[in-house]
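*Asks:* Heads up: the sequence lines are chains P and Z, in that order.
Residues in the first sequence are numbered from 3 upward in steps of one, following my numbering.
Residues in the second sequence are numbered from 10 upward in steps of one, following my numbering.
Keep in mind that a hint or two might mislead.
[Said to hold, decoys possible] Rough simulated footprint, nothing fancy, chain Z against chain P, three-plus residues with beta-carbon under 8 angstroms:
#, segment
1, 133-142
2, 256-267
[Claimed, not checked] Simulated restraints on C-beta separations:
#, chain 1, residue 1, chain 2, residue 2, range
3, Z, Thr84, P, Glu29, 17 to 27 angstroms
4, Z, Leu45, P, Leu112, 36 to 46 angstroms
5, P, Pro351, Z, Thr30, 33 to 43 angstroms
6, Z, Arg31, P, Gly113, 47 to 57 angstroms
No wet-lab data here; the hints were simulated from the structure.
Predicted, not measured: the structure shown is a model, and the values here were computed from it.
Positions of the beta carbon are idealized from the N, C-alpha and C atoms, including for glycine.
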Amino acid sequence: MVYFDNAATSWPKPEAVGVATSDYFRESGGNPGRSGHRMSVAAARIVEHAREAVAGLFHASDPSRIVFTHNATHALNLALMGLLHPGDHVVTSSIEHNSVMRPLRYLETLGIEVTVVPCTPEGILDPKDVRNAMRPRTRLLVTTHASNVAGTLIPVAALAVLARDHDIRYLVDASQTVGAIPIDVEELGIDLLAFTGHKGLLGPTGTGGLYIREGVTLTPLIRGGTGSDSANEIQPEFLPDACESGTLNAAGIAGLGAAAHFLSQIGVDAVRAHERKLVEQFQSGASEISGIRLYGPTDAALQCGLVSFNVAGAISSEIGLILDESFGIMARTGLHCAPAAHRTLGTFPTGTVRFSFGWFNTSAEVETSLEALRQISVWASNSIGRSARGNL
Amino acid sequence: MDGLISFFASHYAIRAEMVLTRHGLASRLVPGPKDLSPNCGVALRFEYAQRESVLGILAAKKVQIDSVHFYRPQTDRWSGREG
Numbered sequence: 003m004v005y006f007d008n009a010a011t012s013w014p015k016p017e018a019v020g021v022a023t024s025d026y027f028r029e030s031g032g033n034p035g036r037s038g039h040r041m042s043v044a045a046a047r048i049v050e051h052a053r054e055a056v057a058g059l060f061h062a063s064d065p066s067r068i069v070f071t072h073n074a075t076h077a078l079n080l081a082l083m084g085l086l087h088p089g090d091h092v093v094t095s096s097i098e099h100n101s102v103m104r105p106l107r108y109l110e111t112l113g114i115e116v117t118v119v120p121c122t123p124e125g126i127l128d129p130k131d132v133r134n135a136m137r138p139r140t141r142l143l144v145t146t147h148a149s150n151v152a153g154t155l156i157p158v159a160a161l162a163v164l165a166r167d168h169d170i171r172y173l174v175d176a177s178q179t180v181g182a183i184p185i186d187v188e189e190l191g192i193d194l195l196a197f198t199g200h201k202g203l204l205g206p207t208g209t210g211g212l213y214i215r216e217g218v219t220l221t222p223l224i225r226g227g228t229g230s231d232s233a234n235e236i237q238p239e240f241l242p243d244a245c246e247s248g249t250l251n252a253a254g255i256a257g258l259g260a261a262a263h264f265l266s267q268i269g270v271d272a273v274r275a276h277e278r279k280l281v282e283q284f285q286s287g288a289s290e291i292s293g294i295r296l297y298g299p300t301d302a303a304l305q306c307g308l309v310s311f312n313v314a315g316a317i318s319s320e321i322g323l324i325l326d327e328s329f330g331i332m333a334r335t336g337l338h339c340a341p342a343a344h345r346t347l348g349t350f351p352t353g354t355v356r357f358s359f360g361w362f363n364t365s366a367e368v369e370t371s372l373e374a375l376r377q378i379s380v381w382a383s384n385s386i387g388r389s390a391r392g393n394l
Numbered sequence: 010m011d012g013l014i015s016f017f018a019s020h021y022a023i024r025a026e027m028v029l030t031r032h033g034l035a036s037r038l039v040p041g042p043k044d045l046s047p048n049c050g051v052a053l054r055f056e057y058a059q060r061e062s063v064l065g066i067l068a069a070k071k072v073q074i075d076s077v078h079f080y081r082p083q084t085d086r087w088s089g090r091e092g
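Please model the complete structure; the sequences and the hints are all you need to start from.
*Replies:* Next comes the structure, spelled out in structure tokens:
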């Protein structure tokens, strides 16, 4: 079996992830930070070690500036709802995932203005276009770090400078990149960075978080018990507690900590180099198969570890089914929760096939997938004109 | 140990223990004494004589603290076999 759906969730996980999760249930087991007894303290230690390990992966020097959330979508909602007010203007790109687009479209109904800056059909965003979209009331720039559809990397360094020059906040959706593409939030001066634990970070689902630069204040998305300032009925204002009400996903965070430790041992640079090699191999092989159309920059240096394509004569969902049933290759097809990105690429509404690589994928697996696509492309070219739909 | 630091959140108490351990300074997490601070469930005992280095390291690592006390809790007199 070949698993090429790491952009949906990574698989397999490092062995230590399952062990740490299991150990939490069997040995630590307490509610992190709520009580002073040894099991609660042990659970709190696990959470704080995880927080520190995750912070280290994107070079946040103060782990207190990381709040844990259920996933990146939760983190993005926290940032957007916590920062924007009616009358504010926000700038984003045309390749955003619905985890950014849907909150923004909702905020529009509350009187927040949204400008979507178009990317090229390869998903490339020009910082000059972003600068031209700025208005006096612009309060926030929000972009992905890499498109989950085309893999295109967004020039976050240039955009961070632009945001600073305009004295606005910059929120980066790093769902596809944390753990897989090096990023230094402090060197770049990124204000907010949303991440998920279960993709490039190699941790369990139900984990994620938000980095909040010192000096940036957010209104919490939810309020409640934090185990701190318990005599007070008003939500505390200090991080991470201000934005971490309710019991954390301690078992998941235990696994996340183990995953972050695993990645820090390998080094994010090594992960990047490995995935880049697989992308190059795939692009080089696929470009020689007639009928395959690659989307995105088709340059591994300009994209993260995923590729999007179609095969002439077949629709993406059919290709996905054949890849799974006949070749044991797991891919994601369709719109990838990102209709705006597919409109940008010109692949709306039929979508694309996406292969997303991870640390555990191999060159041999890429070769297996290329051979499968050679066979599928022959089949698809023979079936052109014979489709029951009559429109292919 | 005759010193105690209270915190606004257990996050900072655990961070404090982590960074002090790395600097070779002894400390011990205990339930926060409610007579000293209602703020957080967990407090950190330390050697009061090491106060300056302990507070210096915590400040350098941005570990926020509530207050510092000279403190010998009543439980020090608990023999474990009373009654």
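*Asks:* Now, for every hint given, state plainly whether the structure supports it.
*Replies:* How the hints compare with the structure:
{"no.": "1", "hint": "133-142", "in the structure": "violated (count 0)"}
{"no.": "2", "hint": "256-267", "in the structure": "violated (count 0)"}
{"no.": "3", "hint": "Thr84/Z <-> Glu29/P: 17 to 27 angstroms", "in the structure": "holds (25 angstroms)"}
{"no.": "4", "hint": "Leu45/Z <-> Leu112/P: 36 to 46 angstroms", "in the structure": "holds (44 angstroms)"}
{"no.": "5", "hint": "Pro351/P <-> Thr30/Z: 33 to 43 angstroms", "in the structure": "violated (56 angstroms)"}
{"no.": "6", "hint": "Arg31/Z <-> Gly113/P: 47 to 57 angstroms", "in the structure": "holds (49 angstroms)"}
The earlier numbered hints that this structure contradicts are 1, 2, 5.
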